[in-house]
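Respectively, the protein sequence lines represent chains A and B.
So the first sequence is numbered by this note's numbering: it starts at 1 and just counts up by one.
So the second sequence is numbered by this note's numbering: it starts at 265 and just counts up by one.
Since the hints were derived computationally from the structure, they do not count as laboratory data.
Mixed in with the good hints, there may be bad ones.
Only pairs whose alpha carbons sit at most 25 Å apart, straight line, appear in this in silico SDA-like list of lysine to any residue [claimed, not checked]: (1) B:LYS524 with B:PRO405; (2) B:LYS524 with A:THR21; (3) B:LYS524 with B:SER435; (4) B:LYS524 with A:VAL42; (5) B:LYS524 with B:VAL445; (6) B:LYS524 with B:PHE413.
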Amino acid sequence: MAEAYSSLIRAQLRSQLSYRTSFLLNCLAQMLAQANDLLVIVVLFGRVASLGGFGVQEVLLVYALSGIAFGLADMVVGNVEQLPQYIRTGRFDVVLMRPMGSLAQLCASDFQLRRLGRVVTALGVLVYVLSISDIHWTPITLLLLVITPVAGAVIFGSIFIASNSLSFWLIDGRELANTVTYGGNYFTSYPVTVFSGWLRVFLAYVIGGAFVSYYPALALLGRADPLGGPDWLRFSAPVVALLAALAAGTVWRFAIRHYRGTGS
Amino acid sequence: MCALIGCYLRIALAGFRRYATYRQAALAGTATNVVFGLIKISILSAVYAAQGGGSVGGYDLTMTITYVWLGQGLLSVVQFWGDADLDTRIRTGDVVIDLTRPWNLGMALLAEDLGRAAFASLARFVPPLAIGALLFPFRWPTDPAVLAFFALSALLAVVISQGIRFLLSLSTFWLLDPRGVSGLYRVGGATLAGLEIPLNYFPSWAQTALWFTPFPGMMQSPIDVFVQHGSAAALLAHQALWAVLLTVAGQVVLRRAVHKVVVQGG
Chain A
1 MAEAYSSLIR
11 AQLRSQLSYR
21 TSFLLNCLAQ
31 MLAQANDLLV
41 IVVLFGRVAS
51 LGGFGVQEVL
61 LVYALSGIAF
71 GLADMVVGNV
81 EQLPQYIRTG
91 RFDVVLMRPM
101 GSLAQLCASD
111 FQLRRLGRVV
121 TALGVLVYVL
131 SISDIHWTPI
141 TLLLLVITPV
151 AGAVIFGSIF
161 IASNSLSFWL
171 IDGRELANTV
181 TYGGNYFTSY
191 PVTVFSGWLR
201 VFLAYVIGGA
211 FVSYYPALAL
221 LGRADPLGGP
231 DWLRFSAPVV
241 ALLAALAAGT
251 VWRFAIRHYR
261 GTGS
Chain B
265 MCALIGCYLR
275 IALAGFRRYA
285 TYRQAALAGT
295 ATNVVFGLIK
305 ISILSAVYAA
315 QGGGSVGGYD
325 LTMTITYVWL
335 GQGLLSVVQF
345 WGDADLDTRI
355 RTGDVVIDLT
365 RPWNLGMALL
375 AEDLGRAAFA
385 SLARFVPPLA
395 IGALLFPFRW
405 PTDPAVLAFF
415 ALSALLAVVI
425 SQGIRFLLSL
435 STFWLLDPRG
445 VSGLYRVGGA
455 TLAGLEIPLN
465 YFPSWAQTAL
475 WFTPFPGMMQ
485 SPIDVFVQHG
495 SAAALLAHQA
505 LWAVLLTVAG
515 QVVLRRAVHK
525 VVVQGG
């Protein structure tokens, strides 16, 4: 089974890498897309010394963790966004007939390596911020640094899958999904303290955005949560990621059971 | 001549109708614009909270919030990320059919885009603005004449945006695959136009450089006209200059591109 997926992905990589210039330009566009948000943060900090009670290095750490997590999720499961095309053209029925998982097929059959560009920019910022920040390194913080991007990617991946499942019912489900996928990336690039009211409750806790970058960053920086959350919350991202993945899996299976095709 | 103008009017009407078919998509798109607007307002408000009110680059908090809602509405009217119809038609050669029709291709596409923008002004511009005006501190112009200047400025913004998208599409004649170039424009164009943060937040050297380009004319200018920041006459003159330059450039490049076209087969 694993062989089938790996050959699908290898075929994708071969075809994408055969147009070298086009691939590099696309990669560059992804790198710049991530740098765009960086530019905004830098310009804002040219005007003030703190945002939501956090300094420029701290905000850049939050931004970098969010960018890596989003970039990885976008690369691996971002293709669920193509679901409306699969449904409209009937290709999804073909996917369902094959003896392989529908979601895994969808992701493996259009794996986009160029999205690594986002991760490259964010990783560069992370390395820079860590080198100038005063972080107390212990085995725990090191482990946290490795686990955070993975947990964050799982949370974003779950958001991608659950929200794009809307496309099974709504023609414009993808557009609505953008509010929590790309909107979620926008939100998690800043400390949660910048936001307030139901917007914060929804994006930080209902869809789990706070656990992608904000709480792990607090733990890395050794800061208590200014919002008064308990200290263990800062280490809870892996648990949240697991719950998010279970929830997304349930939503996807529910959606598949109710899928009736578009007719002949 | 009259017949030709009538033709362009009908193309504009067709552009309006084409997009008016997708009302549900307009609704979903508006929802997304509103959520992004709320996130943007939170971030920009944090700037004012950090410095204890006052103004940043000549914008106070109310002007900044008004800027956000105008921007979220104008985004779909100005349309930074167009469809790749013309690119595909140039690559496949179908553009030959467009070129043999008794019209000017650049003008026909502009007419269609103005029709699209007219529908977007109703369906995509008004809703975020209504939400902003009803639920948030909002800066209405102090003089009704400003609304007329704003409408003119928004119209010029569409002409500039269409001019740039037309030139990017025409690059297909030479590049065959314009996705690299248009990808870069997709990423940077809107930010340089002032979508993410007001351009007056930028350091002054960057602002000076940006106002030498057409970018501010697509978003920052209409918003500045509305919130009455700077001289409306100067903003409109800058836009008009670029609208003319880009339209002329589009015609010149189109003429050179046509010389390259070889129609094969019989």
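Hint-by-hint comparison with the structure:
{"no.": "1", "hint": "B:LYS524 with B:PRO405", "result": "violated (50 Å)"}
{"no.": "2", "hint": "B:LYS524 with A:THR21", "result": "holds (24 Å)"}
{"no.": "3", "hint": "B:LYS524 with B:SER435", "result": "holds (12 Å)"}
{"no.": "4", "hint": "B:LYS524 with A:VAL42", "result": "violated (45 Å)"}
{"no.": "5", "hint": "B:LYS524 with B:VAL445", "result": "holds (20 Å)"}
{"no.": "6", "hint": "B:LYS524 with B:PHE413", "result": "violated (41 Å)"}
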